[in-house]
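Participant: The lines below spell out each chain.
There are 6 protein chains.
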Amino acid sequence: MTKLTHIDSKGQAHMVDVSGKALTARSATACASIKMRPETLEMIMTERHAKGDVLATARIAGIQAAKRTSDLIPLCHPLMLSKVSVEFEADPELPGMRVYATCKLAGQTGVEMEALTSVSVAALTLYDMCKAVDKHMVIGEIQVLEKRGGKSGDWSLGA
Amino acid sequence: MTKLTHIDSKGQAHMVDVSGKALTARSATACASIKMRPETLEMIMTERHAKGDVLATARIAGIQAAKRTSDLIPLCHPLMLSKVSVEFEADPELPGMRVYATCKLAGQTGVEMEALTSVSVAALTLYDMCKAVDKHMVIGEIQVLEKRGGKSGDWSLGA
Amino acid sequence: MTKLTHIDSKGQAHMVDVSGKALTARSATACASIKMRPETLEMIMTERHAKGDVLATARIAGIQAAKRTSDLIPLCHPLMLSKVSVEFEADPELPGMRVYATCKLAGQTGVEMEALTSVSVAALTLYDMCKAVDKHMVIGEIQVLEKRGGKSGDWSLGA
Amino acid sequence: MTKLTHIDSKGQAHMVDVSGKALTARSATACASIKMRPETLEMIMTERHAKGDVLATARIAGIQAAKRTSDLIPLCHPLMLSKVSVEFEADPELPGMRVYATCKLAGQTGVEMEALTSVSVAALTLYDMCKAVDKHMVIGEIQVLEKRGGKSGDWSLGA
Amino acid sequence: MTKLTHIDSKGQAHMVDVSGKALTARSATACASIKMRPETLEMIMTERHAKGDVLATARIAGIQAAKRTSDLIPLCHPLMLSKVSVEFEADPELPGMRVYATCKLAGQTGVEMEALTSVSVAALTLYDMCKAVDKHMVIGEIQVLEKRGGKSGDWSLGA
Amino acid sequence: MTKLTHIDSKGQAHMVDVSGKALTARSATACASIKMRPETLEMIMTERHAKGDVLATARIAGIQAAKRTSDLIPLCHPLMLSKVSVEFEADPELPGMRVYATCKLAGQTGVEMEALTSVSVAALTLYDMCKAVDKHMVIGEIQVLEKRGGKSGDWSLGA
Chain A
1 MTKLTHIDSK GQAHMVDVSG KALTARSATA CASIKMRPET LEMIMTERHA KGDVLATARI
61 AGIQAAKRTS DLIPLCHPLM LSKVSVEFEA DPELPGMRVY ATCKLAGQTG VEMEALTSVS
121 VAALTLYDMC KAVDKHMVIG EIQVLEKRGG KSGDWSLGA
Chain B
1 MTKLTHIDSK GQAHMVDVSG KALTARSATA CASIKMRPET LEMIMTERHA KGDVLATARI
61 AGIQAAKRTS DLIPLCHPLM LSKVSVEFEA DPELPGMRVY ATCKLAGQTG VEMEALTSVS
121 VAALTLYDMC KAVDKHMVIG EIQVLEKRGG KSGDWSLGA
Chain C
1 MTKLTHIDSK GQAHMVDVSG KALTARSATA CASIKMRPET LEMIMTERHA KGDVLATARI
61 AGIQAAKRTS DLIPLCHPLM LSKVSVEFEA DPELPGMRVY ATCKLAGQTG VEMEALTSVS
121 VAALTLYDMC KAVDKHMVIG EIQVLEKRGG KSGDWSLGA
Chain D
1 MTKLTHIDSK GQAHMVDVSG KALTARSATA CASIKMRPET LEMIMTERHA KGDVLATARI
61 AGIQAAKRTS DLIPLCHPLM LSKVSVEFEA DPELPGMRVY ATCKLAGQTG VEMEALTSVS
121 VAALTLYDMC KAVDKHMVIG EIQVLEKRGG KSGDWSLGA
Chain E
1 MTKLTHIDSK GQAHMVDVSG KALTARSATA CASIKMRPET LEMIMTERHA KGDVLATARI
61 AGIQAAKRTS DLIPLCHPLM LSKVSVEFEA DPELPGMRVY ATCKLAGQTG VEMEALTSVS
121 VAALTLYDMC KAVDKHMVIG EIQVLEKRGG KSGDWSLGA
Chain F
1 MTKLTHIDSK GQAHMVDVSG KALTARSATA CASIKMRPET LEMIMTERHA KGDVLATARI
61 AGIQAAKRTS DLIPLCHPLM LSKVSVEFEA DPELPGMRVY ATCKLAGQTG VEMEALTSVS
121 VAALTLYDMC KAVDKHMVIG EIQVLEKRGG KSGDWSLGA
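Chains as they are written, first to last, in the working numbering: chain A, 1 to 159; chain B, 1 to 159; chain C, 1 to 159; chain D, 1 to 159; chain E, 1 to 159; chain F, 1 to 159.
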């Protein structure tokens, strides 16, 4: 039967031993959405074309958060990320923004927590910058889209 | 017309001047959900009653994240939180867990970003602890439920 | 009956609400000892007189650790320390070094955890600097010597 | 005679006691320059108009660094900054960029270290982003331009 | 003659060069004790069986502290820990709790500082949670029990 | 044509992918100067000979800052530094102090940002310790002196 790996046989949390795992190239992509009023989305997009600081701020926050994952998520291993990128996409259907983050490294554990932390903090930063004009935003759909490398091999949502 | 307060008249990000604002008692409550397979929820709940480390780990992560909000969200002010609490509730309808965080302080800015950051990191920690048994979890519904204090007064979702 | 204040009525950890407590001047002094071989102590003291970097390094580590207490101890409140000092005293009887730290602030909670964290990290730093020459050091006697201010008033060990 | 305040009578570093100082409104402005080849400056300015991420990244780094000053500079007190702003100005005479940061708070100590740390890290971030195209950049002229508030009153460079 | 390796020939602190050292599997186990009144120990143990949050909180604090060792101890190298575990044992003879931490990695330096930092912070966290009911606790007996790997080979206390 | 590598084809900041780069031995040396009144320099040098805490404090700050570079400079990769050293040299001609830092590692990216961050924070710490006696200090001449290793090979200023 499957088991929660971060809990040992006595039911105690621990940072699992990955020292026996092979060092392989790994990457993960995660996404998040932030739902807002159409006027709020419009305001970000206008800012974007004219000046850029709104999305640039959220992107930097997401990149830095990826590097701090093991400091935020207690049982995550410290990792030497070799790449982090964060993308935004306006989605008028939502209406709102979609956030995507990709993390990469050669290591002994997967990097999906880094990608998930990155999109979460990028979305929270967008929220922070827009909260004065929109009190009803909702952050959601935070999930892993794709994982590559590691023992379990490649995986993608819906595949 | 309303404006993005974190962007100045030249379109540049800045940490807004709150030095003229009154120091008042403020609190905020936020929530998040993490959707999972019924078996995963069952596993957490069993762990919980027997041993407690799964939810305790996520709760501590959420409390510590609230304290680090200004380090994660670039334009947030450093704050002296006077209280943080994180609660979990199993929701078999979801199915999954619901996370609630309440932050409190006497200060010059609201604490909704602290509450939102807290539930986000608590949910990410649950995700981390369960990802070995469930690859399809989705974190969502991250939003503010209630705010008290400050110039704009009390506010609650749906009120 | 007395209760563990950091555990709520449901047995869950939380950062207790101090918003109703008065803002008063508070200070705390804590100590620690690090037992070592007489030759190791001699080596530190020689370094000290000649150059100073051994104790200076440990002192800085202790001062910085005091400022990071709420980041290290999950249920500690963030505090605005107004003073931190760290002192060392060679004790040939031990034999070893004694470390003392005093922290001060005007705030709503006591600062004994800050003083205790400070002496602990200062002692760990001494250990780190001497471990190449002494594998049997023991850090101990970490305790609060004196507390001033706050609702419970002044208190000192042995008084 | 004047004395190094961060060194006590025994010649030991300590975080000075500010608990007796009045809580007053304070601000400080600091600047830095980063000298580069004219082609490098041209490249940043082109990026700026078209897209904005170069200066936005350096600005965010400067804002976040101001908040982390007491974590970086060992004897600085933790402070609750109420405002941080970072500005850039292309100076074709240098040739290069000039960086300005203003910090503000109501507190017991000045904020010039926060402003100086902010411009330093903003300049280092510009350096990082341009180093692939220019190996001879030099960061300099890091100084305080103006201080307001506190016991010693208002002060400005050259006044 | 033996030398303090963290102090160079001029008596100055530095982070020693380990780049020539082989990358080998290393582990270390350290312990600490926290002496308390029998009633305090009883209270923790009762909490433990019923709910678990007291020890779980201290365990998480210890695991996170191990990951932050190089940030706390100035001359420690940043390390990629591959495993951290923290255990508690009630000792009615003390009376009090004993804390054990084991750290592991494949690297160029030993991990005893990580294990020592982990038990110290776990013990400080227990202290914090119990200080409202017991003002006379003492943390002590912080030492390395066992080291494996590296040039100097395996070592254990008392062997 | 050369390009700003930290900005992608859409003009967005990202942490560049270094996973394909070889892991080689790398080092970098950077310097900074801090100009002050002759009396201030005299005061530091007297302190130095007698007690050492002024330069020791700045040295520790510089070493710790090197380790935090990826946390401060948004697009820097996390690195496992294998050595950091910081040196000071009084320069009566300046008049003031010169600071030098050397960083080393086996990795996929250069360490010049670590060396530059180290000298900057060491100089800021000196500034902080002397600001009570000298309001006109200027930090400058922050530049890379020498780089070794990596694809582009050895490089030194003026060579």
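Read the hints as simulated data drawn from the structure, not as lab findings.
Among the clues, some could well be false.
It does not matter which identical chain is used: a pair holds within one copy or between any two.
DMTMM-like cross-link-like pairs, simulated, lysine to aspartate or glutamate; straight-line CA separation at most 20 Å [stated by the list, open to error]:
#, residue 1, residue 2
1, K135, E87
2, K10, E141
3, K35, E141
4, K21, E141
5, K151, D17
6, K83, E42
7, K135, D154
8, K35, E87
9, K151, D134
10, K35, D154
11, K83, E141
12, K10, D154
Participant: Hint by hint, say whether it matches the structure.
Facilitator: Comparing the hints with the structure gives:
1. K135 to E87: Cα proximity of K135 and E87: none, with 24 Å in one copy and 23 Å across.
2. K10 to E141: neither (34 Å within a copy, 25 Å between copies)
3. K35 to E141: both (10 Å within a copy, 10 Å between copies)
4. K21 to E141: neither (31 Å within a copy, 34 Å between copies)
5. K151 to D17: within (15 Å within a copy, 22 Å between copies)
6. K83 to E42: Neither. Shortest intra-copy (31 Å) and inter-copy (27 Å) distances fail the 20 Å Cα cut-off.
7. K135 to D154: between (39 Å within a copy, 12 Å between copies)
8. K35 to E87: within (16 Å within a copy, 24 Å between copies)
9. K151 to D134: For K151 and D134, the Cα distance is within 20 Å only across copies (16 Å; inside one copy 44 Å).
10. K35 to D154: neither (30 Å within a copy, 23 Å between copies)
11. K83 to E141: This pair counts as neither: shortest intra-copy Cα distance 23 Å, inter-copy 29 Å.
12. K10 to D154: Cα proximity of K10 and D154: none, with 32 Å in one copy and 28 Å across.
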